[in-house]
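First to last, the sequence lines map onto chains B and X. Numbers 0 to 203, taken from numbering that gives the first Met the number 0, label the letters of the first sequence in order. Numbers 0 to 309, taken from numbering that gives the first Met the number 0, label the letters of the second sequence in order.
In case anyone wonders, no lab produced these hints; they're calculated from the structure. Hints may contain errors.
As the list claims (entries may be wrong) - What follows is a set of in silico ranges between Cβ atoms, one per label pair, in the way DEER data are often shown:
(1) 45(B) x 78(X): 48 to 56 Å
(2) 117(B) x 194(X): 54 to 62 Å
(3) 179(B) x 263(X): 46 to 54 Å
Claimed, not checked - Taking lysine-lysine and the DSS-like style, the derived pairs with C-alpha atoms no more than 30 Å apart in a straight line are:
(4) 107(B) x 218(X)
(5) 130(X) x 37(X)
(6) 107(B) x 114(X)
(7) 249(X) x 187(X)
(8) 120(X) x 149(X)
(9) 114(X) x 130(X)
What the hints assert, rightly or not - Not everything, but these chain B residues come out facing chain X in the computed CB check (under 10 Å):
(10) 5
(11) 104
(12) 138
(13) 143
None of these values were measured; they are calculated from a predicted model. Here a beta-carbon is modelled for each residue, glycine too, at the ideal position from N, C-alpha and C.
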Amino acid sequence: MAATPTREVARRVFAREFNDASYTFKESDDERAPVYVLLPTGERANRVFLVGTLTETEDVGEDSEYWQGRVVDPNGDTFFMYAGQYQPDAASMLRELEPPAYVAVVGKPRTYETDEGEVNVSVRPESISRVDEATRDRWVVETAERTLDRIQAFEDAEEGAEMDEYVQMANEQYDLPVENYRRSAVGALESLDEVQQEAPQADQ
Amino acid sequence: MTDLHTPATEIHEQFDDQLDVSVDEIEERLETLVNEYKVPLSEARRSVVNTYLDDAGMDRDQLSGGGGNEEVEIADIDAPEEWVDVTGKVVELWDATADAVAQVGLLGDETGTIKFTKWSKSDLPELEEGKVYSLRNVVTDEYQGRFSVKLNRTTTIEELDEDLEVGDDAVEVEGALVDIQSGSGLIKRCPEEDCTRVLQNGRCNEHGEVEGEFDLRIKGVLDDGEEVTEVIFNEEATEELTGISLAQGKEMAMDALDTTVVADEMRQKVLGRYYRVTGPTLGRYVLANEQERLDGPVDAEAMLIKARSI
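Okay, chain X solo, but in the shape it has when bound (with noise of 0.2 Å):
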């Protein structure tokens, strides 16, 4: 059975200084709903907070967090529709795409980052990039599976004077190397300025023709026999993977005037053994970095006692 007390005091705690309501009718409410019509938790709570913003005239944006929030970190901020507070560095500032929209941009703490957005008409003082806010009563908002936070009329900014390190949402992710995608090996960049797009066939998509410099890269497949992760290793973390470095690469490739002799090498090196990588994602690829070859010793004693139990 869903524990439905904690929401409904929460709840309470909402709307006490408005409303003469009793926790125990908020969770006969909640009961109707989660119980008898099988609504999820999350969708009975937010239909009872309206019944009770219509029954007390109030916006949602009014709504106060019930006084004591829980003081969150970026990382830990999972569910949609939760009051929080969060102490925060603001990294980037975006430009408004909608004039509903006074400030849009990413917040950072130690263990991560999220995206937060301003509304206009909640009249709030003017974020400064680089500095570093305790912000109070925030909601938590989900779309398509990402997190951010709503700063709204009842927040209070109050700005710190400190710095803190932003993390950058790094995964740990481990497996064996079962493939190599092609563009990986000895690449070549486009080398006009803040364009690094990599050259296929000698033409970059964006500036044509061009003299293309250089690089190593291994788009890798780790595969743990559950999950399936792409790996992007830059030049640095490819040499440290596979030995080769760019300039024994070029050697390579001129030697066998064939660029592909590099990757083919690097298969060999890499294939097939375990991995542990640590990185930040971006998109579907996690980009590497930190790595380091798992080959000790392993436990066949604790497997042991497991196979033999069941």
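Bound conformation, chain B alone (with noise of 0.2 Å):
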């Protein structure tokens, strides 16, 4: 059936649940469908939306420029992400930006095979943009919340609540428990938590 087309939605996920995040997929035959990455914690992702410090940016392009980029996450997890001539504007950020600074990324979710036959995602931008700190402390709070959501649905599920299509899709492909997502989502909070009680006594 040919529904319109909708705009997919930016999953927000940590680095270490995204990192894990292997499984590709499409939900139907059609060359043109969109390809969704199984997060662990069972929900599929088709774009994310992140922030964090980009802590290096690399041209590893041979023939033309082709920008690695580094984002780090609150837990010191890493997004990498690739841009080249068909990312012109994320290609152009990743050159003149200098690290290390705050970014959000918009972009698309990609796996590729490595010669050993490990499977590595990365993220091909479609937006990058320099941040502020309040931002990336929103993402954190926000993508806490999320991966805790996420994580409550699978667990309900085990314990016998109806098994969402894709919580089950993850029980099936992976073998990752979902707890080390809880941990860095903790983690990720405890690190502003920190820096929030800190904050009034620098003022002293």
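With the hints as a guide, dock the two chains, each given alone in a separate frame, to form the complex.
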């Protein structure tokens, strides 16, 4: 059935879970059907929105420019992104930005298999923009909330509630304890909490 | 288990004068449909009401709401086939497209607006635009997810000597601004009277090649990780959001000999930030009346408690 193409929502996910999301699938046989990565907490993602610290940029292209960016979340886990001639805006941002800087990235998850047979997950950015710390903090809390909601649904299903299609898929495709991702959320929130508690003293 | 006693009591009230049926009997009929045949309650209710209408030799129009309908606010109308009382202002009268329809238009109260239809055969007094009426015994209806009210033979209309402020169905959306769509930034509109179409390569779809008038706008996408909302910011809102005025935008475009620099500059200023936007909806868009950048402190503590508890 030809449904009106609707814009895919941008999922919120910490780097640890994102990098574990190695399984990809399509919902139809159509060549142009969107590709999703399956988040281990049981949700499909065709787009992500992330905010973190850009720590390094490098032109890794051979014939033409191909920029790699590393964006780190509060746990120290890294999102990798690659932008070349088909992502001119994102590529020029990576060329121009001086790390370290807080950046917001909207992009599509991409996977590739290495020669060793490992699957690497990265972001193909649609846009990269420089943001402030307040935006980063809001993203951390929001991403923790979305992650915890997914974990809750995942665990409810294990306890016998009706199983969501993607929770079931995650159970079949992965053998990854969702506890890891709860720890990511806790760790990220703790890093904010510490900074917030230290802040008043810094004023004195 | 669905509560069937309440709907049964309501149906009973509607037929109290005409038929000798008990609440239990009605409840039993509903129960058969809902529990045995798994029919949705609204459908079961309809079916039971129709049965009694036949028994009593009545038209649906003649049904009373059981005397005491609920006086509802327009925004609260969210189910079809309900008998309600509303007080509202006739915001607009539209041209009736069928002979069966005497009057059709938009009724509004503080909470929003809703379409109303008045049937010719109901023989009701004429409603006037801009006047406020108390309408008793109207029936709600739904078509493709949109609700309306129908006036019928039993409806009483009372003109009220008061005015009311009609609400604009404003919605509030929050999220990260994840995209600025084409047609944003410095744009040109058709200067023809009542035509504000955005020009494509100097051409208006309706009036052909025209000398356009500059305007600023942003067609943006707010995304909260669960839902996507398209938002249109007009000139004023765009300036508030980006700090770029129409005059500055024109100057930037002039210096660069290119209008697209304005949208590019705006992207850098707003993409990836969080906003809260309030405004009415138009089709799939929310028209921003008020917008606020969400850059205050966030409550990590509360989320941390939740994170540790699961």
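Check the hint pairing residue 114(X) with residue 130(X) against an upper bound of 30 Å on the C-alpha distance. Holds, because 15 Å separates the two Cα atoms, which is no more than 30 Å.
Mind checking the alpha carbons of residue 107(B) and residue 218(X) for me, to see if they're no more than 30 Å apart? Holds, at roughly 21 Å.
Let me know if the C-beta of residue 104(B) comes in closer than 10 Å to any C-beta of chain X, holds or violated. Constraint on residue 104(B) satisfied, holds at 8 Å.
Does residue 120(X) pair with residue 149(X) here, judged by a C-alpha cut-off of 30 Å? Holds - the C-alpha atoms of residue 149(X) and residue 120(X) are around 12 Å apart, at most 30 Å.
Between residue 249(X) and residue 187(X), is the straight-line Cα distance small enough, at 30 Å or below? holds (11 Å)
Has the given pair, residue 130(X) with residue 37(X), been kept, meaning a C-alpha gap of at most 30 Å? violated (45 Å)
Is the distance from the Cβ of residue 117(B) to the Cβ of residue 194(X) consistent with 54 to 62 Å? holds (59 Å)
Straight-line alpha-carbon gap residue 107(B) to residue 114(X), limit 30 Å: Violated - the C-alpha atoms of residue 114(X) and residue 107(B) are around 42 Å apart, more than 30 Å.
Should the hint that residue 45(B) and residue 78(X) are 48 to 56 Å apart at their CB atoms be regarded as holding? Hint violated: Cβ distance 35 Å, outside 48 to 56 Å.
Using Cβ atoms only, decide whether residue 143(B) comes closer than 10 Å to chain X, and label the hint accordingly. For residue 143(B), the interface hint holds, since the closest Cβ of chain X sits about 5 Å away, which is under 10 Å.
Restraint satisfaction for residue 138(B) [CB to CB of chain X, less than 10 Å]: holds (8 Å)
Using the C-beta atoms of residue 179(B) and residue 263(X), is the stated range 46 to 54 Å upheld? At roughly 40 Å between Cβ atoms, residue 263(X) and residue 179(B) fall outside 46 to 54 Å, so the hint is violated.
Violated hints for the displayed structure, listed by number in ascending order: 1, 3, 5 and 6.
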